[in-house]
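K.L.:
Generate the whole structure from the sequences, applying the supplied hints.
There are 2 protein chains.
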Amino acid sequence: MLTNSTRRAVGHRPLRRPAAYFSARLASSSSSPTRTQKLAAWSAGLRYDDLPPVVVQKTKDFFLDWYACAIGGRHHAAVQAIDTFAKEMGPTSGSAELLHRPGGTSAAFAALVNGGASHVVEQDDLHNSSMVHPATVVFPAALAVAQATGANGKDLITASVAGYDVACRIGAFLGPSHYAKFHTTATAGIYGAAAASAHLLKLDAAQTLSALGTAGTQAAGLWQFLVDATHGKQVHTAKAGFDGVLAAYTAKAGLLGTADVLEGVNGMAVSMVPGKSTPEALDNNLGGEYSITESSFKWHASCRHTHGSADGLLQLMKEHNLSAADIEKVNCHVYAAALDVLGRTVGAPQTIHQSKFSMGFVLAVVAHRGRATVLDFTEEALSDAELDAFRQRVNMILDPEIEAVFPEKWQARVVVTTKSGQVYEQFVESAKGDPDQSLTQEELEEKSQRIAEYAGVKDMAALEKTFARVWKLENETDLTGFTIV
Amino acid sequence: MLTNSTRRAVGHRPLRRPAAYFSARLASSSSSPTRTQKLAAWSAGLRYDDLPPVVVQKTKDFFLDWYACAIGGRHHAAVQAIDTFAKEMGPTSGSAELLHRPGGTSAAFAALVNGGASHVVEQDDLHNSSMVHPATVVFPAALAVAQATGANGKDLITASVAGYDVACRIGAFLGPSHYAKFHTTATAGIYGAAAASAHLLKLDAAQTLSALGTAGTQAAGLWQFLVDATHGKQVHTAKAGFDGVLAAYTAKAGLLGTADVLEGVNGMAVSMVPGKSTPEALDNNLGGEYSITESSFKWHASCRHTHGSADGLLQLMKEHNLSAADIEKVNCHVYAAALDVLGRTVGAPQTIHQSKFSMGFVLAVVAHRGRATVLDFTEEALSDAELDAFRQRVNMILDPEIEAVFPEKWQARVVVTTKSGQVYEQFVESAKGDPDQSLTQEELEEKSQRIAEYAGVKDMAALEKTFARVWKLENETDLTGFTIV
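If you read the protein sequences in the order shown, they are chains D and L.
Its first residue numbered 1, the first sequence is counted upward by one per residue in this note's numbering.
Its first residue numbered 1, the second sequence is counted upward by one per residue in this note's numbering.
FYI, nobody ran anything at the bench for these hints, they're computed from the structure.
Just so it is clear, CB atoms sit at the ideal spot from N, CA and C, and this is done for glycine as well.
Just so you know, not all the hints are guaranteed correct.
So, partial list: chain L residues that the calculated Cβ filter (under 8 Å) puts toward chain D [said to hold, decoys possible]:
#1 Ala78
#2 Ala81
#3 Ala259
#4 Val415
Below are the DSS-like pairs computed for lysine-lysine, each with C-alpha atoms no more than 30 Å apart in a straight line [to be verified]:
#5 Lys202(D) <-> Lys87(L)
#6 Lys472(D) <-> Lys154(D)
#7 Lys154(L) <-> Lys202(L)
#8 Lys38(L) <-> Lys276(L)
#9 Lys154(L) <-> Lys419(L)
#10 Lys472(D) <-> Lys458(D)
#11 Lys87(D) <-> Lys154(L)
#12 Lys458(L) <-> Lys87(L)
#13 Lys87(L) <-> Lys87(D)
#14 Lys472(L) <-> Lys458(L)
#15 Lys318(L) <-> Lys432(L)
#16 Lys432(L) <-> Lys409(L)
#17 Lys202(L) <-> Lys87(D)
#18 Lys154(D) <-> Lys458(L)
#19 Lys276(D) <-> Lys276(L)
#20 Lys202(L) <-> Lys472(L)
#21 Lys202(L) <-> Lys87(L)
Here are the simulated distance ranges between beta carbons [what the hints assert, rightly or not]:
#22 Glu464(L) <-> Pro176(D): 56 to 64 Å
#23 Gly150(L) <-> Glu453(D): 42 to 50 Å
#24 Ser32(D) <-> Asn395(L): 37 to 45 Å
#25 Thr483(L) <-> Glu453(D): 50 to 58 Å
#26 Glu443(D) <-> Pro102(L): 49 to 57 Å
#27 Gly343(D) <-> Ala336(L): 50 to 58 Å
#28 Asp478(D) <-> Thr483(L): 38 to 46 Å
P.N.:
Written out as structure tokens, the structure is:
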């Protein structure tokens, strides 16, 4: 590694390089391309006809799931503030749409506002191994740039697939030690937004590499907002979208981003990964596997760590025809991270947000209502004595075998004791919504409707029409008309 | 420090907090305010009438110096690309001005484009102890928001003073170990842009704290661009301005930034300072000393590490009435960083940029022309045989005594041997432009004219008028009209 002083000295090379410089580097046979170059070249070269049908279907599924989540966040104070900023600073018209109000804007501001709204209800997807929430950063930018460039449904799908891979692969590259310091959905997500935007702008491999370089030098997002429950999360997803769009558009206009922003001597791994990065994640089996097929839907509207236990309880109740009143006790055997995260809400939850992170409360809701949607976490539910009584009959227990395979697998084992003294046990290998038990289109529509209802959407007929459009997204030639009031 | 898992757990508090939350925290007598709170409160509370006359004068001096630098960068490819982005994404009119072309825009885009242009010619100021170039990040945002809000000259001056202190104090807080990984002008500069913007928006202490929190969670900027001489530097200053403006405007609109983004358990020091931070830099003697009085002008258009030797040579030549032809040899006794940085250009410089980092070439220019302005580093000069011959008669020598006091002091000792065998020696305590030998208004005008000439400004009469406006900036009631073609 260069020392600080030698690094500064390196800077004394000429500031201006012709764009051909990068093309030459990419074409050069004398030096083998870096992993970042391979990723950029793969992203730029991806074509709709290359995509296996399952990838196309998954992209449509996640697009709809994201769309509902973006609608769900519209009333959040941070989203309103970001929208005010967009009104003050952006154009008052444009072909990129805000999802929550009529009146177009530019692609960058649509990505900003829609991105800010996408992560609020926390029902968006999760790519487990990279710890990235890809939809919330990729789709706002992809839809905005697609609308701004007059792209069609196939273009949008292809760009989104590229964005997913770039975001998730870079998230996996950065790894857990980065995640411990930085909000990876923002710091890796910005690359996904840049790659999707670059694809829609038809940037070549060299320009896409440049866009990734400019994305990386803007990558930011600290966890400090969690300490006082402020609005950093919304800023992160909003800005990942805006900044990714900026990276792609400026690359097109001739701005040169650095070529090796991830693995370079002063790049992201050296500066923002305190532990070990995973270089092979960047280019391993590119095109042979797709990150978008590895992402998970969130079916329940609660913390992801409650999902396995909720599924197990539902299964046992169905199998043994139990009602909530029949149940004396529920023991949930879980991995350590579930105890860490959920363990803070051991008493009665005080707020709706807390209630989604209380294993007891979530299982009480599931037992009484057969579901745990955004509509089930309410002030009324919080003060429901029956739910509270059930909550107190739920325990969490660390299970060494389950812990041993986490986070590869997010397993659970649920043991129910009935009031009549019977004991039933259910092992859960994965949660509903995971890749091996993905949601059906009907379930995705149901989830979307509930989120839209939660968000106070009036025009539910428009939502139905959007369902139909999304299921045949590859045939869409006009991507406008996604605003819903 | 919280572990990763407990940190996540902390996040499960309610997401929405009333704005009053921060006001209450600030007003609370039960807990003493953090250093960041003190800095925010001081910044928000700063009034023009508080400012000592020397601070007002310095602000006007640095404003003019910045203005010339921003003009100087207009033709850079990165600035043009960023301007293209502004045209595509921003509004086509607005009361904030781009300095290089007519047609207003919004404050955020003016800060973006003008900020991108400000650091190109590398003639802008440097605050030594924090390693921040404050003008390039504070003034673009301050002028843009001042124009957008209809502020007057006193408002602009006061906001800029606040921005300087916030940027430089946070830069000093982050310190050398941060600087080794991140471009501090960007990562600390964003706070300066936010504070100046917040001041012009008349945000109170709680809102200003919120703006600083949102600034910090966007702070980014890697040195990797130095490795391949790409355009990261322009992205950094452009985005520090834009993002700082965003932080302030969204804080005004109700977005809550985290309260302790610098010293908090998951804040910037923990995540982005590998070594030691300097907390007392944040609030030590607030209002008793002003960062803007500690910043240095760059008189010569060469690497700052050549300035002491250039000054020494000029002084000896004047004192002993020497011409370049009289000089046999120049020995420059310097600190180690000068050798590190300049040592890479030991042969004949190949590019104009390299020539500014060649001690021999810079001293050759100074000896032959009596100056080293932007106009003196040209292709013609590069191929001038006389300059090249002089260059080869210049040596650098490490001086332990000079090294011992660096970087507190940037000293030099120049020893000239004449062709007639006489030896003259000059010790240089600080360079022309440093706080203790600041530039006069005449010198600033001269420097500005040369940069404007370098940038191909046609309307030099307009520049003269700007000089007059800036020298009485505190009396200006209308801050428009700074665009120059």
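K.L.:
For each hint, tell me whether it holds in the structure or not.
P.N.:
Each hint, compared with the structure:
1. Ala78: holds, 5 Å
2. Ala81: holds, 4 Å
3. Ala259: At about 5 Å, which falls below the 8 Å cut-off, the nearest Cβ of chain D leaves the hint on Ala259(L) intact, so it holds.
4. Val415: violated, 24 Å
5. Lys202(D) <-> Lys87(L): Holds, at about 20 Å.
6. Lys472(D) <-> Lys154(D): holds, 10 Å
7. Lys154(L) <-> Lys202(L): OK: Lys154(L) and Lys202(L) at ~13 Å, within 30 Å.
8. Lys38(L) <-> Lys276(L): holds, 21 Å
9. Lys154(L) <-> Lys419(L): Distance ~55 Å between Lys154(L) and Lys419(L) Cα, so the pair is violated.
10. Lys472(D) <-> Lys458(D): Cα-Cα ~24 Å, so holds.
11. Lys87(D) <-> Lys154(L): holds, 28 Å
12. Lys458(L) <-> Lys87(L): Roughly 23 Å between the alpha carbons, so the hint for Lys458(L) and Lys87(L) holds.
13. Lys87(L) <-> Lys87(D): holds, 16 Å
14. Lys472(L) <-> Lys458(L): Holds, because 24 Å separates the two Cα atoms, which is no more than 30 Å.
15. Lys318(L) <-> Lys432(L): holds, 15 Å
16. Lys432(L) <-> Lys409(L): holds, 13 Å
17. Lys202(L) <-> Lys87(D): holds, 20 Å
18. Lys154(D) <-> Lys458(L): violated, 49 Å
19. Lys276(D) <-> Lys276(L): With a Cα-Cα distance of about 22 Å, the restraint between Lys276(D) and Lys276(L) holds, given a limit of 30 Å.
20. Lys202(L) <-> Lys472(L): Distance ~23 Å between Lys202(L) and Lys472(L) Cα, so the pair holds.
21. Lys202(L) <-> Lys87(L): holds, 29 Å
22. Glu464(L) <-> Pro176(D): 56 to 64 Å: At roughly 60 Å between Cβ atoms, Pro176(D) and Glu464(L) fall inside 56 to 64 Å, so the hint holds.
23. Gly150(L) <-> Glu453(D): 42 to 50 Å: holds, 44 Å
24. Ser32(D) <-> Asn395(L): 37 to 45 Å: 41 Å Cβ-Cβ, so the 37 to 45 Å window holds.
25. Thr483(L) <-> Glu453(D): 50 to 58 Å: holds, 51 Å
26. Glu443(D) <-> Pro102(L): 49 to 57 Å: holds, 56 Å
27. Gly343(D) <-> Ala336(L): 50 to 58 Å: holds, 52 Å
28. Asp478(D) <-> Thr483(L): 38 to 46 Å: Given a distance of about 39 Å, which is inside 38 to 46 Å, the answer is holds.
The structure shown violates the earlier hints numbered 4, 9 and 18.
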